[in-house]
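A.B. asks: Here is how the chains run, residue by residue.
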Amino acid sequence: MAKIVIDKERCKGCKLCIPVCPKNLITMSQRLNSKGYHPAEQAKEGECTACGLCYLICPDVAIEIWK
Amino acid sequence: MAKIVIDKERCKGCKLCIPVCPKNLITMSQRLNSKGYHPAEQAKEGECTACGLCYLICPDVAIEIWK
Amino acid sequence: MKKILGRPESMQDVSTIYCPGCGHGIVHRLVCEVIDELGIREKTIAVAPVGCAVLAYQYWKFDTTEAAHGRPPAVATGIKRILPDRIVFTYQGDGDLAAIGTAETVHAANRGENITTIFVNNAVYGMTGGQMAPTTLIGQKTLTTPSGRDPKLAGYPIKISEALAQLDGTTYIERVAVNSPKNILKAKKAIKKAFQVQLENRGFSLVEVLSMCPTAWWVSPEEALKWVEERMLPEFPLGVIKDKVTSNK
Amino acid sequence: MKKILGRPESMQDVSTIYCPGCGHGIVHRLVCEVIDELGIREKTIAVAPVGCAVLAYQYWKFDTTEAAHGRPPAVATGIKRILPDRIVFTYQGDGDLAAIGTAETVHAANRGENITTIFVNNAVYGMTGGQMAPTTLIGQKTLTTPSGRDPKLAGYPIKISEALAQLDGTTYIERVAVNSPKNILKAKKAIKKAFQVQLENRGFSLVEVLSMCPTAWWVSPEEALKWVEERMLPEFPLGVIKDKVTSNK
Amino acid sequence: MAKRLMMGNEAIGEGAIQAGCRFYAGYPITPQNELTAYMAKRMPEVNGVFIQSESELAAISMLYGASLVGARTMTSSSSPGISLMQEGISYMAGAELPCVIANIQRGGPGLGNISGAQGDYFQATRGGGHGDYRTLVLAPHSVQEMFHLTREAFDLADRYRSPVIILGDGVLGQMMEPMEIQPPKASLAKGGDPESRIQDPAKKDWILDGCQGREPRSIKSLILGENSLEKHNERLAEKYKEMEKEIRYEAVEIEDAQAILVAFGTSARICKEAMHRARKEGLKVGLIRPITLFPFPKEIILENAPRIKGYLTVEMNLGQMVEDVRLAVSGRCPVHFYGRPAGGFPEVEIIIEKIKEILG
Amino acid sequence: MAKRLMMGNEAIGEGAIQAGCRFYAGYPITPQNELTAYMAKRMPEVNGVFIQSESELAAISMLYGASLVGARTMTSSSSPGISLMQEGISYMAGAELPCVIANIQRGGPGLGNISGAQGDYFQATRGGGHGDYRTLVLAPHSVQEMFHLTREAFDLADRYRSPVIILGDGVLGQMMEPMEIQPPKASLAKGGDPESRIQDPAKKDWILDGCQGREPRSIKSLILGENSLEKHNERLAEKYKEMEKEIRYEAVEIEDAQAILVAFGTSARICKEAMHRARKEGLKVGLIRPITLFPFPKEIILENAPRIKGYLTVEMNLGQMVEDVRLAVSGRCPVHFYGRPAGGFPEVEIIIEKIKEILG
Amino acid sequence: MREEIVIAGFGGQGIMFAGTLLAQGAMEEDLQVTFFPSYGAEMRGGTANCNLIISDEEIGSPVVINSSAALMLNQPSLDKFEKRMKGKGLLIINSSLVDREVERKDLEIIKIPATEMAERLGNVKVANMIALGAYLKKSRIISLESVIKSLPKVLGERKRDLLEVNQKALREGGGLIK
Amino acid sequence: MREEIVIAGFGGQGIMFAGTLLAQGAMEEDLQVTFFPSYGAEMRGGTANCNLIISDEEIGSPVVINSSAALMLNQPSLDKFEKRMKGKGLLIINSSLVDREVERKDLEIIKIPATEMAERLGNVKVANMIALGAYLKKSRIISLESVIKSLPKVLGERKRDLLEVNQKALREGGGLIK
Ligand SMILES: Cc1ncc(C[n+]2csc(CCOP(=O)(O)OP(=O)(O)O)c2C)c(N)n1
Ligand SMILES: Cc1ncc(C[n+]2csc(CCOP(=O)(O)OP(=O)(O)O)c2C)c(N)n1
Ligand code: SF4
Ligand code: SF4
Ligand code: SF4
Ligand code: SF4
Ligand code: SF4
Ligand code: SF4
Ligand SMILES: [Mg+2]
Ligand SMILES: [Mg+2]
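Protein chains in written order, with the numbering used here: chain A, 1 to 67; chain B, 68 to 134; chain C, 135 to 383; chain D, 384 to 632; chain E, 633 to 992; chain F, 993 to 1352; chain G, 1353 to 1530; chain H, 1531 to 1708.
Read the hints as simulated data drawn from the structure, not as lab findings. Treat each hint with caution, since some may be false.
[Said to hold, decoys possible] Capping the alpha-carbon separation at 20 Å, the derived lysine-lysine pairs in PhoX-like fashion look like this:
no.	chain 1	residue 1	chain 2	residue 2
1	B	K134	D	K385
2	F	K1196	F	K1231
3	A	K8	C	K378
4	A	K3	A	K15
5	B	K82	D	K565
6	C	K378	D	K535
7	B	K134	B	K90
8	G	K1511	E	K673
Same shape as in the complex, but just chain A (with noise of 0.2 Å):
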């Protein structure tokens, strides 16, 4: 059981971590957030692996990841 959580006033939108999830978890959300931006968010629950290559990849430390 492991899930991530991705702090979407963080987030500036890059999509870096969609690709490499291997469980295919994110996906970009619909609404902006403050500063303009689509932030990437857990699409579904559950099958997060915490392997945590979308920490890795992301450059804004928007990422965190929980088990």
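With the hints as your guide, set chains B, C, D, E, F, G and H with the ligands onto chain A.
C.D. replies: Just chains B, C, D, E, F, G and H with the ligands, lined up with the frame of chain A:
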């Protein structure tokens, strides 16, 4: 038949030409030039082979070789 | 549940001004993780450059200063010579380190100063809006090479790490990249090793990090990852360039 | 009888101010001989350094200018870009080229400027009275290393030619010495080749000449020849360091 | 002539190209980057040389090289980069080599910030490098003027064999305004060859080009021999005296003025506005805008001093040009100062208030 | 206390060491080489750091680093090398870092020659780098003074967190004179540890040393945020105002003087001689010798202006300090100038002649 | 006539483009105009804003201290510039990215969901044009048509493909003002 | 009392050493003294000269413009400084390296074959001491003994082995003056 001509005023008495001469033809003059150096001079004429070694090493282009 | 990965202790809890997808953010984090892991946050003094990372002092939770453009190695020398038991590192862009700061880099390296340099090579001047860097690739378009870098007029992508490796004063030099999780892990290992070299008083260490600048490459962040892979790696091969500690390289 | 060897045409008929036994005189002459042999006196523009050779303009019979300390490569770049069909060379000491002028050297080389550099390495700052140069040997006493150069404090004799060879812009780099007739002949060959590289528009060429400075080494001129042989050569091995023209080196 | 919306930085670039400048070397720095980029694009189009140098030190030395073979040369930078050029500028002044240097000033000291400022007045007008040299300093205050003063700067540089500094600032460099690109200037149109990298080489009988058919020449700033350096410096001083022929300023409504503003560049624009507004309020105020900062238009300032109630010098610094105003006035009337240091802009309202105070 | 024959350059070095300077970085240049050599020899003896840097740019940046961790630092150079430091000095002024910089001036501009000169007065007193900063400038005129002014320079640098410039010249640097090496100064004797590389670190609550037990600090000259740079500059300006407390000068026989000489450094020595000779001829002449060039002793000059027939400023340049004299006098009496540019020395006879002209 | 305009938003919202376009339009109408960009303290990220002055008299400083009109494309911009507006000034707000009320009561306020509208037009980056269109229609300082005419020149060759969507956005913005 | 001395010759002739020694001697006698070296325009080769002023009053400029005494160790030095001497000045000439007559008639001239004498003493470099010894004896500005006493200090540890020959040369020079 060859000889060298040493410009006494140009020579700074560094003595570099002396050991390089295979024929040991060069010595230092007892006289001082106007700069206070003892210039080199050709000790014996006639034996020079115009090999050019003394010319090559002279840092002050004070030596000419004639043949 | 417990947080198993998140913002390192050494990193301030603020947003950066970097563009979306900018490699600086990743490199900043790696440096902080390494400092945390080595437990040296309270004895570290960082020298920030002039370049996009000019604001690093806002992002790092340890003592920082900022050198004039190109002078971080000299500033770090001054610091380290007075406080040899502190950990001193410079963080520099390719313009800062390999253009205006070439002499300072070469000589701090040649003196074997016991400092660490994190050299962020993004093949461009980010901060000033995207001009040619000494590491800009052949054919790469920038504001100052509008038809692409022509080596006949503007020279070649500079191999400064290879050149530094020729100097007796350098102990450890490695080139890494931050364009994929795998490379990021390797980058972290290299950065850690570089700091360890300093901790063990072994002299000058440098890690060249190939890093993304989507903005001045005029590509999306995702394309920038590929750009590193396809365009930078052939010119700047990854790997250990010199290691006096563990090998005879 | 005919004069078969004597002052080259390109050399002014005056005394130099160099100390007795100074290598600069030999290197000056070699450069002039090569220029005569290539018949390029009237299209040569030389860039003199700040260093003992600062007065080269009095000794050479071709156009000369004098750069600020360390900047000859940049000055030569300016000249050559405007007049690409002139022959432009810099003449620089180890302080000028490898200390204050490191950045200019590295970047003119990396741009592959089609110029020639005669780099006179005498392991010391002659002109200012004998301070440490970047090429000063370990243990060598100078005014600024009164107990001998300690690499821990002052770094290592710099291998700038080897470092430059790593740059894609350099075409031909060789290290020679002027401490014996044999070496002087080789030095001349190298200098000639370097100018030929320029004449053929092949890019940056550099000849590092190990040269005597009896004054700041505190030895006699004769001892200075040995000093080159015994102390400099082991640190600075002679030979071609890079040659893109004739080999794959 | 049709007008074009142009940025100040680009106007400098175009002015240079029209003056026959065919050698530009520079290193990026905000807020002058558009100028470097402009030259990167335009130079190849006119057979010119563009080099992005490894540093500002290298840039000024490249100019030294290109100038001594006769090319019209330019570099540009902003405050910190100009500081790095001080040794090189001193060398060029010493060797009497012409060149044009644009300083698009930003906030200092140190890294400061990138807003417009006028903190480098002293450096520009008093030879910031070592030794007793000066350089001509031109201070445009509009995009149009950045264009045509740059164009003229090259003529002046050649005439006096001296570096000429264009002292702009981040506001002037970054702003856009409509301007006319006037036809190529006389000298180029008459004899110059826009394709050539060297304008009128025949007129430059001192340049190096290989000594074919003549004695070798040497260009340098090392001046040896008994008294030679002193004589050289005296000759330079005479040249600086002669430069007074080039003094330029704009005087606006000073005839009946009781208070006169003195300001250059961006501050002068602000002062113009303040003056017009003050005039509308009936205040008798005029403006003297020095266009050459060195040589400084001291005559006109001295002339008016005895009959007015005071000068108000307005600068974007803590008081630099005001010293030149005081030196010119030499106690003949009060000289007031209103300055906003780096990062701030003088305010029209405050200027008007201060005028009122002077007028009493 | 026994006297010792000492060279000016070495006196600076010894003064620095006695002040607790434990970091020196410099690059050789004539005519200050003896100072660099002295530090190379002495620094290791006192557990200090000596670095021969790769350039003057690097030297000033090394000072920046060593100062920001609390060391007392010095560099030295001569004119061209000081020009290269202008960016770095501006950075240190902006970041408010103390250091001492000795400029043993030589003839300029450019490479010039290596004789003594005073051509860098403007550069030193008006912040030759970019931006609105100033530095304290001290002008010794004897070997003894080179020693003790250097010693004090470090206290001043720390007190004001500012670079301090020792403005000497080739004559003062190279000359030897008997001097006393006075005992270590109070601050070092009282609490300082001559073995330590950092003097009184506790008093420097702004230095970096790793953030153990406190919030991280940052030292920089980048000043961002609305109005911050402006405020920073205003604060610097206040500091410069406060420095006026340090104004120093030597006034010799000015009480009854009808003409007063103003000169510093080597020119002041020459003026002293001229003055003594003139007095013997019965001429009522005095001398004001500014010891701080910035801040400039304008009060004393202003005070005397109304009652004398004129000032004569004597410099080894074409007229630099004379501007400060004119600014101080502001028209209240004539200000004359006699200068010999780089390579020349003012002559006693001519000074006396000029005094006579002034006295009518 | 004299209008002092501030346009502000995030970097990337096309602030400079909108300003340049407006300046070009003013020039086409033979008015005096100055444009002055400001990237904040640095080039990257953060907010960007530009100052325009349009007048029928010679313009002094190009720097706007108190604006008579403001186009605020995000909230930080509003926070910064609201208090610096002249009384009765015209304030255009991108309500998509601002979720607070305007505090000043002496301004004329127009709220437009510009980002959302732009997304609907298929390009989030034309929010600037929507705001500009509205501003032009409301202020009548110059005609919307002059600006549309200037579009090709300012876009340049390389962005010719964006001509249409920008035009559309300008008109759509204008259309909001009745 | 005030003496202004120029000592000049080639680099390598120990010009600076002679000057320093004289300065040290003057200091030992509690006189005011300044020493100022000048390497000509460059450090290498060429001529070297130094200026000394010895006085019982405070000394202004250390730079000698017209000297009251001159020790000229070679001809270029004589050529340069002869015309700059004060009337009645004392001119000591190294006749080994000067082969012209002095032109000025208003000087007191002493010619010494210093270089030849020095060679005879086994060290060509002590020509300076011979000239200095003669000067001291002639001028009586300070005593030869004070100078000899200063020798060890000025020579320093490293050149201690040269003490004797220098002493000898000083005395031999002094001995030339009856
Ligand atoms: C002396 C000086 N010259 C130029 C600049 C302008 N400048 C600031 S950062 C920079 C280059 C930045 O490029 P890089 O070092 O590659 O860093 P990046 O922004 O790409 O991370 C330049 C030229 C400056 N601040 N100071
Ligand atoms: C900016 C600057 N710094 C320092 C100097 C002083 N200087 C003149 S020559 C020189 C070094 C000379 O050494 P090198 O280049 O090795 O030449 P060499 O005399 O040994 O032939 C130095 C430091 C200077 N002229 N300018
Ligand atoms: S930790 Fe791994 S599995 Fe979980 S979201 Fe991130 S990339 Fe996907
Ligand atoms: S990588 Fe980070 S910043 Fe980028 S989209 Fe994902 S969470 Fe956001
Ligand atoms: S040419 Fe050869 S043989 Fe003749 S003197 Fe010279 S070295 Fe001796
Ligand atoms: S090598 Fe030349 S300078 Fe030296 S002694 Fe021989 S001739 Fe004279
Ligand atoms: S410009 Fe490039 S390096 Fe700078 S913040 Fe943006 S992406 Fe990063
Ligand atoms: S000091 Fe050395 S390099 Fe200079 S002239 Fe003398 S011997 Fe030659
Ligand atoms: Mg970069
Ligand atoms: Mg050398």
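A.B. asks: Take the hints in turn and mark each one as holding or not.
C.D. replies: Evaluation of the provided hints:
1. B:K134 - D:K385: Since the Cα atoms of K134 (chain B) and K385 (chain D) sit roughly 5 Å apart, the hinted pair holds (cutoff 20 Å).
2. F:K1196 - F:K1231: Distance ~17 Å between K1196 (chain F) and K1231 (chain F) Cα, so the pair holds.
3. A:K8 - C:K378: violated, 45 Å
4. A:K3 - A:K15: holds, 18 Å
5. B:K82 - D:K565: The hint holds at about 18 Å.
6. C:K378 - D:K535: Measuring from Cα to Cα gives roughly 16 Å; hence the hint holds.
7. B:K134 - B:K90: holds, 16 Å
8. G:K1511 - E:K673: Status holds; Cα separation ~18 Å.
Going down the numbered hints, you'll see the structure goes against just number 3.
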